Amino acid sequence: MGLFDGDIMKYEDWNKISRIASRKSLWMVHFCTGCGAIELPPVMTSRYDMERFGMGPMATPRQADVLLITGYLTVKTLKRVVNVYEQMQSPKYVISFGSCPINGGMYWDSYNTVKRLDRYLPVDVYVGGCMPRPEGVMNAFLELMKLIDEGKARGWEKYQKYYEQYKRNQKMAFNFEREKDEGA
Amino acid sequence: MVTPVLMIAIPLLAAFLMPLIKKAHRYFTFSILLLNAILSVLLFAKVYNDGAIYETIAGFSPPVGIYLAVDNLSALLALIINLFATINFVTSKKDFKFSMLYLLGVTGATGIVLTGDIFNMFVFFEITAVASYALVASKKDEKAVEGSIKYMILGSVGSSFMLIGIAIIYSQLKSLNLYDIAARISSMDPKMMWLSFSFLLTGIGVEAELFPLNGWVPDAYEGASSNIASFLSFGPSKASIYAIARLLIIFSMSRTYELALYVGIATLLIGEVAAFMQKNEKRMLAYSSIGQMGLILIAFSLIKDTSYAIPAAFFIIVSHASAKSSLFLISGKKGFGGITSKYVGLAGVLSLIGMPPMAGFWGKWYLLMGIADEKMWAVAAVIIFSAVIEAIYFARYLHKNLGEGESEDLGYSIPAAVMVSVSIVMGILPLIYNMAGGVLNA
Amino acid sequence: MLELIFAVLLIAAFATLFIKSGRIAAIISLIASAMPLIAVMDWANDFGIKAFSFGVENSMDFSIAGITMHLSITSFAWFFAVMVFSLLPPIFLFSYSFFEKNNGFFPFMLFLITAVFGILLASDFLTLFFFWELMAASSFILVYISRDKKAIMSYLAFSVLSAVLILVGIALLYSQSGTLIFSDIVLNADKVTVSAIILMVAGFAVKSALMPLHAWAPFVYSKADEPFVAFLSGGLSKVGYYGMFFMLFALPGAKILHQYFNSGVATYLLAVIGAISAFIGTLLAFMEDDLRKLLAYSSIAQLGYIAVGFGIGSSLAMAGALFQAFNHAFFKSVLFLAAGAVAYRTGKWKISELGGVGYKMPFTFMAALFAIFALAAIPITSGFAAKWLLYEAAVSNKYIFITPIMLIAGVGAFLYSFRILYGVFLGENRHDDIKEAPLPMIAGMFLLVLPLIIFLIFPGYMLDMMHSALVDAGIGTISHTNYVIRTGTASYNTLAVVIGMMVVMIPAFLIYVLRKQKKVDFKDNFLAGEPYEFYGYISMHAANNFYKPIEDVIMPYLRKGAISFYTALYNAMGRVSDASRKIYTGLSQDYTIYIIIFFFIIVGWLIW
Amino acid sequence: MVVEKIAVIALYTTIAMFVGILFMGVGRKIVARVHNRVGPPVYQGFIDIAKLLTKKTNISHGWIYDLALLFSMTGIMLTILFLPIGGVKLLSMEGDAFLVLYLLAIPALGFALGAGASGNPNAAIGVMRALVMMLSYELPFVITLIALMIYYDTSSIAQIVEMQHAKWAIMIPPFVLAAAVADMALQGMLMEAPFDIPTAPHEIASGPMAEFGGKHLGALMIYKAGTIVAYTTLFVDLFLGGGVVMHDGSVLAYLANFAVWFILIFLVFTLSLLINTSFPRFRIEQAFKFYWKYEALLAFISLIWVYLMVIS
Amino acid sequence: MMWPEYITVAALISIGLYGVMAKKNLMKIFIALSLMETGVNLLLITIGYIPGGTAPIENGNFAKYVDPLPQALVLTAIVIGLSVTALALTLLIWYHSKTGTLEYRRGMRW
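Chains as they are written, first to last, in the numbering used here: chain H, 82 to 265; chain P, 14 to 455; chain B, -1 to 606; chain G, 52 to 363; chain W, 2 to 111.
Keep in mind the hints are simulated off the structure, nothing from the lab. If you're wondering where the values come from, they're calculated on a predicted model, not measured in any experiment. Treat each hint with caution, since some may be false.
[Stated by the list, open to error] Some residues of chain P that are not near chain B, with every Cβ distance over 12 Å (derived):
#1 18
#2 22
#3 29
#4 36
#5 37
#6 43
#7 44
#8 68
#9 110
#10 154
#11 163
#12 167
#13 208
#14 228
#15 350
#16 424
[Claimed, not checked] With a straight-line cut-off of 20 Å between C-alpha atoms, the simulated SDA-like cross-links for lysine to any residue are:
#17 P:413 with B:568
#18 G:344 with B:550
#19 H:252 with B:522
#20 G:140 with G:344
#21 P:59 with P:48
[Claimed, not checked] With the Cβ distance kept under 10 Å, some of the chain G side facing chain H (calculated, not the full set):
#22 58
#23 91
#24 92
#25 100
#26 253
#27 255
#28 258
#29 261
#30 264
#31 307
For every residue, glycine included, the Cβ atom is placed at its ideal position computed from N, Cα and C.
Excised from the complex, chain H in its bound form (with noise of 0.2 Å):
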């Protein structure tokens, strides 16, 4: 029983005040394995100044309510991505920066590159471009802020609903580099 499910108060109600103060303040942990972490900085310092928008970086996953994957993922991150991702607190949401999360960009013929990231998580907005630069990634937050307005960013309700597949689809990927590992 939670006190602010709504015994007290209306879920509805509760949602919204939730959205708004999420919107106003987004913790973000930047997953920097692809070359896009670098365009992180001038959006934090004084040019772009993420802050004001009530974002900012945070150290662990557990404080934080978006993942950033800056760049392309290979099977061996990806564990990684997924760990930190279920060790965030809902309600998270994912950003992927740049082509390779959408297709695998230009490792589209790698056979350790995951291409689509969609299969595994449930990204919220994607940032196109090789590399998308400061001004595209403030207009992704600005848009992630748009949907959770909007109630729409609920990329993580749906890894909740679908996640015996979204966890299939992670073991196969997995598995793919455990019979690499095996054959090498």
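Using the hints provided, position chains P, B, G and W relative to the given structure of chain H.
For chains P, B, G and W alone, coordinates are given in the frame of chain H:
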């Protein structure tokens, strides 16, 4: 009728009868020793009730005749020596010669304590000394023989010195009776008196393990077998230190007491310090014995001024005799090995460092009270120092013996337990205070 | 009745000497140890506190043919007796489960209790010293059981040092006043009396592990059986402080010292020693990896506070010191027992090897947690009231050196408290196969925690208990009600703290108890994305060299400490010993020369 | 009477927490301005806490983890009750500066307990640093505190505040030095640079808070807000007369005192933030040495100075 | 006074002590010991001796009797010395059989 002469005569006679009864010699010797112990109890009871006994032998009256004098302290010492000798003899497993020598040694030690004649004292000294040399050597290995030879050389030099002292006294006073000498000592030419005192002190000091006359001690104790080391620590050494006490009382001058105090302090310090790093157990116990003898001498050196000195000395003697003899009995193996040995070791050590309910506690207490009477705080400082040192090396000794080793030899550890229980009994019932309170008549 | 108590204790001691089973011995000891407690409770009526009445007479003369021992209870001894004897039944309850075989703990513990009873009841110096030595002997045997070389050597050496210091002190006093009975002794402010007081205080301080004389404590505390160590730290150290209290305030030595030095320099020195003890003990404690050594140094530190109180000597300080003594008796016993319980289940001592025990042994953890709060003087336990009194006393006397040192030692206590809490009870769960400690152990620990909670809310009860002791010692008490302590400059209201706490706790409680949450395993933890079992094993227990950075800064200053000093002394003594043994060359020729030299020296000495 | 008191207590804790949370936003704004950024709105703290408290999921590492947080929140609120705020003595007559010092340890120890219970090695390291930092800054701080106690001959903070009616402590020469020392200690208490190593986010993943998320983190932020108010108020009470400017008991006086108190703690906090933005980070042993060598020495000089003033 | 006698006594004792102190051979040491004992015995007799005295056999001339007691003492001392010497020789034989030498083994054992 208990007379002190029986206590000397019976074992002496038995010793010379020994070759006749070779087979049952152990039982025979044991029963003689037991008889002697019982006699000494009776003697003690008698002395305690009726006061000191003076007895002459062979018809001559003092100062010419042989003369026995028994007061409270000497009766007690005789009791201790005979009692421990009886208990200790249980551990003997040797042939009749050993028993004979053992009886002689006990006779000599008892005689030293009971006699009232200075030449007799010399004779008993020689008896116990010769017996001890032989007993030490009876283990027959190299160390034993070497220890025995050293003991013999020094003992002979010492006995010569003693005899010279006796000769000087006799030349001056024409008397050998201790009481007679004590009465007339002031009429002596002072230079001769000091000379004779020096000779006597040096002579007896060799047996009494005083520094620096005690070179033989570590070697002889190490070389001797356990029960003989045990015998040495309660027999000859205690009798000799008692003889020194008598000597001090005879030459009752403040300088002699002062000298005894200094010698005692030196003996205590050297003994304890030398024992501190000693790794060999028996040598450590031997050095520790030296230290304890120093402590006893310090106690005796206070006789003149404080009534606490005699109980102090008495309790230290009891504590040391019982604890050190029992420790010698259980030492020399890899470890205590069993519960009896362990508790004997603990009780012995606690008695030596003066913890209740052992006799050592009262010794320490009375000694410090005596020092308080005298206000000799430097001595107190020395005693603090040596007590701590002693505690450290005995703690190391105890720890070293914790190792499992072979299982204990109950034939040794049970007599040891009986001996150490004497210390406990004396500690719990300090009624001896009243008994020993009787002044040493001089 | 008093004879009966001694008889029961001794008979129980001799009986347990021959009992092999630890369980039966524990039950016998438990019953026997209740006897002095009953007597102590009965005597409470004499000191203005209602208890029950058994009619135990409060004095006795015990005569063993020629030597009479005078025993009677005094108010200050009574206070210490309450403290010491209420520890014992819980400790024996604990040992019921702790000892399967009777390894000698029970008989010698009972001898020890007899001795402590005698010390507290002694009314002449012979009795005091006799029982003091009996205590030293029996506690030494309890240490001896531990089979550790350093523990055995250091404990015996320091016990004997303490004994001879006290003995010489008694001898000095005796030479001045000519009597050994306390009530007959009249002290004058002369050199001998003053040195006697100093020597005896030093002798008692050895048992209280005051700083330069503490060197035995880390070794003994870390090696002996925990129930004994609990009593050693909780009870016997207080007996040492009883001796000090007796010397300084009952006799009264402090006044003599004050007269002799014309100022409070000697007692101030005691306070400084206590403060330094608290400070350095704390620093050494949080660098220790061995749980028991940590607790040992913590004991040294906490006991230092009592010495500060004794050194200051005002009514405030004395109340604080006695309160601190009481608290320390209980919380440190609990901690050692908890350490014993943990070791009983895991068999480990190193903090770096333990961890996560609190999840499996929650009740042990609860008891230890309370004890640690009391240790760290968190204001929700009675531990704070004691330290508060001491701080107030120090500040109101304007001790600008002692106060900051004490306070910083108090802060340091948090450091080692956390080390125990995290290193042993929290953190990575490494012990899946252990169970909660057996019921008797838990019961024993919680019985000991109980007073800490009672005196948290009602520190006034404690001040009532020590009232007659302080009045009899001519110190006077401070004004208080059941839950408010007032000093000249400030007041401390425990009820305000407790109620305030409850009031502010309610909203927080509402938010945090009525909520939905998912319990996760400790393995589901942020490790920079790595799964816990990825490389086989990732150590999540950061308890090895926990305070390394600060250790590197502090240790160079502390390296030349007391223990290294004693070690150096031991080595130097060893060299002296080796040199002196060279006198014994093993050659009879040399020995003969010695004889002749000796002869000529004494002839020379006597004739000229 | 009791209800009234409880109501006042509730009001004051609420106000204190409100101020604290506000200060967190203000602090970020100030830091952003120093960085030449726009920065978040001043009410950002409220948004953050609201967001954290409305998180949908929540994890726990066991009952110790939960209770520890409860413990720290309670502790910090209790501390605030024992501090005079704007001259209003809530419970501060019932305890004194030593009690406050030890009450301030409750939240720290509770926090440490929670961090320990989270089982994260980074958290343990962070707690170690926090505790060592505490040991470091407490030494100079308690020395200055004792200087004050000796000067005013009381250990009660409320009385120290009252005695500063005529003249704030900082106007007395030795206490200028003491206040400077205490301000550096405050820097450590608030874990601002150069003493922010306990929570160094990039090194040990924000240290003790590594495992805290959702509502737990929200509670932690409330606790943090409380510490800001508590420590700055402590400083203001000790050296700046507690912000008391009007001594009559009128409503106006309450408001004025409250306003002055607010301005003063704001100034103290701003000063602390300015130092924070201008310095890099000390390593923990450097911080320790800094406090125990230079700070403690200065503090001790002021203490001796005060002592000589008092005894003469 | 009887200087020659006393000088002889002193010489004997000194020689004996010198032998004990300086000689390494055990046999020589024991000989030295015997010498010393002889010296002491001589001292005893000398003390009891009156110049021109007769043996204390009852012949009426009491004034010329030498003191009989020292002579008795000397008899005892000689017996004791004999026994010591006998024992010493026994030990000597044992020592020789254990070590193969009569020289003192120079070894410091402490």
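Of the hints stated earlier, which fail here? Violated hints (numbers, rising): 11, 12, 13, 14, 20, 22, 31; every other hint is consistent with the structure.
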